[in-house]
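> Sequence:
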Amino acid sequence: MIHRLFVAYLCLFIEESSLGRQYWKKNLMKLLQTVAATFDLLLQDSNSSQVEWHYVTIKVCLHLFKRMSEEIQPLVWEETDHREMLQKILRSLVHTIMDQSACQDNRLLAGTTVSMMVNTAAEVEAGAKTIWAFYPLINLNAQRTEEHKGGCQFGALWIPAFILNPGGLDTLVMTRGLLTCCKKEILTCLLDGTPPKCLLLDVLFPAVLDVIEDPTSYPYYSYQVFSLWLQRVRESLDDLWKVKESLLLDDNSELLQKLSKIVWNNAESPVRQHIYFSLRGRFHSFCSPNITSKAYVAK
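The sequence shown lines up with residues -20 to -1, 1 to 279 when you count with mature numbering (1 follows the signal peptide of the UniProt record, and there is no 0).
If you are wondering where the hints come from, they were derived from the structure by calculation, not from laboratory data. Where a beta carbon is used, it is the ideal one built from N, C-alpha and C, also for glycine. Errors might be hidden in some of the hints.
[Said to hold, decoys possible] Each pair of labels, with its calculated beta carbon distance range:
hint	residue 1	residue 2	range
1	138	103	30 to 38 Å
2	49	-9	15 to 23 Å
3	81	193	23 to 31 Å
4	172	24	36 to 44 Å
Let's have the full structure, built from the sequences with the hints guiding it.
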């Protein structure tokens, strides 16, 4: 178990100190074992006094996955003897995401941390397939197939279905995390299927729709998730054009119609009016015909 004061210093060492990272790379297994034990303790005791300790422990994982991705990668994606510690940590993070009674900030940070773990994949297709398999388990509106009822693979790790109890905010938390930090190459990777799919358009956009249409969703985070999605699409236009080999937002595009519907349906909401007025400006900028990206030019 990591003492709560030591956790804060640990975050600082991993994030800011190259010497600190070198030390923890040599002692990574011991650190992971201690983090996993700390999560076990925190999840058994939901006392409000533990909330900050829980938050900083999640933050340690975020920095580990970000700053020591090469060392973490084989423990997540390969059949190694030491992956059990990552297995425990992943389940603790997913448990936090799904826990309706957990602190909202902790759930949001856990979503970002799991997304950072996806980034450690050596091959972008492996990361994309993991997200593709995970989403039906956290989405209330998704149909679970027989394949998904027991859980899903996360690289060489396993997420059991019994810790997955979707309650609405889970989709928002995970979608926000992926849009915040997931690699563009993973989000735009083309996955086999009929027709072929990519995460940004075929998984995350339906998730954004669910978040916005959910009456229990938080208006601020609904706006933020939609805004982040527009931003990531705009950053990835050239890649998406190559993947889809067609216009994304021509006049008759189903995507354009859905985007317009989101903006106008929410523009008159008393609670969300100010937020969506701002969002409408971003959306019109996004769809501006002055944009010269290939994604707006016919082949």
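> Okay, which hints does this one fail, numbers in order?
1
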